[in-house]
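Enquirer: The listed protein sequences derive, respectively, from chains Z and L.
Using our numbering, the first residue of the first sequence is number 1, and each one after it goes up by one.
Using our numbering, the first residue of the second sequence is number 1, and each one after it goes up by one.
Don't read these hints as lab results, they were simulated from the structure.
Incorrect hints may have been included.
For lysine-lysine, the following DSSO-like pairs were computed, each having C-alpha atoms within a straight-line distance of at most 27 Å [unchecked claim]:
hint, chain 1, residue 1, chain 2, residue 2
1, L, LYS9, Z, LYS42
2, L, LYS57, Z, LYS42
3, Z, LYS42, L, LYS14
4, Z, LYS45, L, LYS57
5, L, LYS71, Z, LYS42
6, Z, LYS2, L, LYS57
7, Z, LYS45, L, LYS71
8, Z, LYS110, Z, LYS79
9, Z, LYS42, Z, LYS110
10, Z, LYS45, L, LYS70
11, Z, LYS45, Z, LYS79
12, L, LYS9, Z, LYS45
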Amino acid sequence: RKEVEQDPGPFNVPEGATVAFNCTYSNSASQSFFWYRQDCRKEPKLLMSVYSSGNEDGRFTAQLNRASQYISLLIRDSKLSDSATYLCVVNDVDAGNMLTFGGGTRLMVKP
Amino acid sequence: NAGVTQTPKFRVLKTGQSMTLLCAQDMNHEYMYWYRQDPGMGLRLIHYSVGEGTTAKGEVPDGYNVSRLKKQNFLLGLESAAPSQTSVYFCASSLAGSGYEQYFGPGTRLTVT
Numbered sequence: 001r002k003e004v005e006q007d008p009g010p011f012n013v014p015e016g017a018t019v020a021f022n023c024t025y026s027n028s029a030s031q032s033f034f035w036y037r038q039d040c041r042k043e044p045k046l047l048m049s050v051y052s053s054g055n056e057d058g059r060f061t062a063q064l065n066r067a068s069q070y071i072s073l074l075i076r077d078s079k080l081s082d083s084a085t086y087l088c089v090v091n092d093v094d095a096g097n098m099l100t101f102g103g104g105t106r107l108m109v110k111p
Numbered sequence: 001n002a003g004v005t006q007t008p009k010f011r012v013l014k015t016g017q018s019m020t021l022l023c024a025q026d027m028n029h030e031y032m033y034w035y036r037q038d039p040g041m042g043l044r045l046i047h048y049s050v051g052e053g054t055t056a057k058g059e060v061p062d063g064y065n066v067s068r069l070k071k072q073n074f075l076l077g078l079e080s081a082a083p084s085q086t087s088v089y090f091c092a093s094s095l096a097g098s099g100y101e102q103y104f105g106p107g108t109r110l111t112v113t
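This is chain L alone, in the form it adopts within the complex (with noise of 0.2 Å):
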């Protein structure tokens, strides 16, 4: 049982490049998040989808794109990558809304140089 899994696991970019990070979840959950995390700052929420075919913005989702085209899939594009976006990045899954519990894939390592 895989539970979310996401790919890459480490990436480097020089700024101005793209990238797409995948976030697939095998629990056939409705919900699906995008998260960074920067020391001192906690987890904040960039995206998130309450189902396919639907995306809404979280608190920082400046520079980043996101499509959730498939029920079981959550991707994130940065179009331009800048150095404020070196970060790690977590995908998380949930059956439904804030009263169920998110289940986190091992995250991303992204550094922007």
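So here's chain Z without its partners, still in its complex pose (with noise of 0.2 Å):
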């Protein structure tokens, strides 16, 4: 079983439209949470990082449901620019504590 699960996706949606991910992890003591996103053929590069109180950086929103061990993001009025793949991270405390990252979601926004 993969520690940290997403839906590959496509997600297609229209500018404008609020799109939400989901990512849930599988060990319990896991404590850093991150999404990163990745454009195409590039490096990930760090989004937002995750607290348990959820948090928001302008048009991202990023929740934590330990109980239920899951991560969302949720974009708003999306962008053409907002097309890249989403990779939810989380801390792997069997393995170093070392990050594992998850396969991605892919995003495309359409004009």
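Given two chains presented individually in distinct reference frames, assemble the corresponding complex, making use of the accompanying hints.
Expert: Below is the structure:
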């Protein structure tokens, strides 16, 4: 069983739409949670950290549900430039506390 | 400000050949990592280092070796390349452990024929 699971998509949405991605993780002891963004044929870059109380950065909102062991990312008013793959990332306390990356969810925003 | 750089960007090897991938960072980060990314598999950790002179195995270390002789450099070696090692290799660095942002290099696309 993968440590971090994501729906690979693709999610095809029109500009201006609201889209939500979920991610589940298997280790209840995990403490660090992130969303990274990866453009086609580029390196991953940090989009935002995910805090227990939930956090917002402009059009992006991240939420953590520890009881159900899932993380969500909500994107409001989607832009063409939001088209990318979004990676859910969780620390793996059983593997030297290194980060484990989900397979990514691909988002395509259409005009 | 270069951040994390990787050389080479592309390489084609024949089965059994060896090569070294170089990663350099100019942010004075303690931690450095090597990942491979394959379609549908996500990023998988090969080896990592928590400081100069130290290395440790990640999730998929077989067939690879690493060295961290200088804080700013992290080398990944393939002693005898196999087609299964065809992948995109990313190096990353972070100030400290898992709670800190990882900064990635642009990647190396390796094909083993």
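Enquirer: Run the structure past the numbered hints and jot down the numbers of the failing ones, going up.
Expert: none
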